[in-house]
Amino acid sequence: MRTRRSVLVSCSAALVGVLLLAGGGLPATGGPAVETVTVGFALPLSGAAAREGQESLEGAQLAARLLNEAGGFRVGGRVVRFEIISEDDRCAPAPATEAANRLVARRVQFVGGSFCSSAALAQQPIFAQARIPQVIYAYATDLTGAARQRAGAVLSVRLGPQAAVEMAPLAKYAVTVNNHRRFFAMAQNTDFGRSMIAEFRRVLERLGGGFVAEPEFYTFPGTTDFRTILTKARGSGADALVAIGLVGEMIGVSLQFRELGLAMGFYGSDLLEDPAYQDAVGARADGFFYPWVYDDGVDRRRFTRVEPERMAREMSLAFLNILRKRATRNHGWGWGTIHLLKQAMEREGSTEPERVMRRVLSGARFDLPFGTYGFLPCGQADMRVGVATYVEGRRTLLVDRDFAGRPPAVLSATDLCPR
Amino acid sequence: MDLTTALQFAVNGLFISAAYALVALGLTLVFGVLHIADFAQGALYMLGAYVSFYATQRLGLSYFVSVPVAMGLTGALATLNGALVYRPLQRHGGALTFIAALGILLILQNLALWLFGGDFRLIASPFQEGKITAGGVVLTHHQAFVLGVTAVLLTGVWFGLRYTKPGKALRAVAQQPEAARLVGIDSARLGLAAFALAGALAGAAGALMSPMRAFDPHIGAIVILKSFAIVIFGGMGSIPGAIVGALAVGMAETFTAAYLAAEFADLASFALMIVVLFARPQGLLGRAWA
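If you're matching them up, the sequences are chains X and D in order.
The numbering used here numbers the first residue of the first sequence as 4 and each following residue consecutively.
The numbering used here numbers the first residue of the second sequence as 242 and each following residue consecutively.
These are computed hints drawn from the structure, not numbers from a lab.
Built from N, CA and C at the ideal position, the CB exists for glycine as well.
Check each hint, because a few of them may be wrong.
From the structure, some residues in chain D lie toward chain X, with a derived Cβ separation under 7 Å [unchecked claim]:
hint, residue
1, Gly359
2, Ala455
3, Ala499
Label-pair ranges, simulated between beta-carbon atoms [claimed, not checked]:
hint, chain 1, residue 1, chain 2, residue 2, range
4, X, Arg303, D, Leu343, 45 to 53 Å
5, D, Leu352, X, Leu69, 27 to 35 Å
6, D, Gly376, X, Asp289, 58 to 66 Å
7, D, Leu466, X, Arg313, 42 to 50 Å
8, X, Glu349, D, Val306, 40 to 48 Å
9, D, Pro522, X, Arg327, 33 to 41 Å
10, X, Ala108, D, Ala336, 30 to 38 Å
11, D, Ile373, X, Glu395, 21 to 29 Å
12, D, Ile340, X, Ala108, 41 to 49 Å
A few chain D residues facing chain X, derived, Cβ under 7 Å [to be verified]:
hint, residue
13, Asn253
14, His276
15, Ala278
16, Phe305
17, Thr495
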């Protein structure tokens, strides 16, 4: 027979349970209610792009940790904290689909990722169907174009550049500053590689340049020897080479380019600013050109900085002080996702995913690791990148983010949201 | 395309083939003697690269010392795999060793990811930027070194198997295991020797290639797939088959990329393998199954 005391205990426990379910958390000693927002990250945590994925996740974890340790942030009358969970999409469509389904099953409220275009394209319809907003980092044009429309992924945004944002200033710099007009192109055979090459070609041809041959698309993952493609480039009569691949591939391409003694210009994606690339290639990358996305203010530059890039500095200091290492662009994806959501929630006064994303897509500007900018209706970040090179093994920023928009303008907001 | 370019392609193809041949040789050796598809050798390739990296960068050893050190360690690890994992499982059938091999590959890969991190590494070549240029054809000193060492290792293995007592015993176990046992050959011990040799070859390949190709913990999985296809193509268990297969695949890949397009390189090499396997199911130089 149950005693009166055990009945009281049971009733109290039930009451606490009901309160927890209704309020989403216990009132903190008479303070505001605490709400935990779960953000899932679908990233390549193993495989060819594991390092990039892990750094993105590390950025998100540190951003969330600092916000949570500061007591969270206020949204409406509540205190909000972040919980980060992750799934490995291995940078490929099939495991990416499984990772997306697992995140949906784990009832995440927002998603960050993927870093890889083919993975992000596979995930987009899954998150769209589950009405989970997706903050994408991959560059393939379609993610904020036809694929987004087909998937009905109206809550998805791309945090950083797309292929056109990266390649337009680079192609313009090649033609108008370096007078490189005839290009040999090579890239990994993926949505990322093909998008980047297509956008580079578009601007190159608009400015009177062109490719000397059809682009060479090599197998990804698995290609480590690029000498045959580079030998073709050497005999092609091109002024310069444009090469698009992940960090490991770009190290191989760069070293073998030097080995074979190619005497032509070299252009790559912003992955050339990756610290692992710098460590491996060093001064052998001198004179190679690439778009810069992330600027924490410490590199040499040949222009006066216009934008303060406040969030880049904040992230950079946090990494130096807490993790004792320099933050990278990859850390910026995760860090930026958390801070984009935080700012949108604070302004909207809600954590409800659809309202938060409507705020993101309202055109309002946000402080992010890649500058201060808003988002276009197609979900694309309305941001720009500059062009950089290496001088004596040190990254040197050559032109600022406004370069592509200056006459002759090769990039506008309408280019980023094609109809 | 001019002759210089064609010769450069041939040099490129030869170099790719050398990398394939070292790993394929170890794979075919283990398969020939023990009938085990030892995918874990992909992980040994990766570990060879890391051992060489840490031996040179952290311990300050010469690169030339780091290569035999890598071979010794990967050979020892392969022997341990053989003794502790494959041998107990082998009596239950080939499927179990196949699963175990994949398991070891994944475990070592993840262990490396945890120990060394996901960053790409590159060993500084002792030859630095040195290269031989003949009529526009470029061969770096390091490439020449790799080709030389590969030739020595392949010849050494061939010679050892053909003319030494343990080599003859290994061949006997591979060809007639029952008869070999009857004449007193210790097949278990020789099996472990095959593992050690195969592991050392995989480690050598990793250490030799790592100053030219950035590597991370996943590099072995990429290498092993193509090498295994080469072993099937050349004839499982056939040492000349592994070498000829590596050469055929390396050249097919290179010349397809050179004269057609890079995106067809794998397609061409695998198409070639399929055509050959239709005509000779036992592989190019393999023995027909009973």
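| message | Check the structure against each numbered hint from earlier and tell me which ones fail, lowest number first. | response | 6, 8, 9, 12, 14, 15, 16
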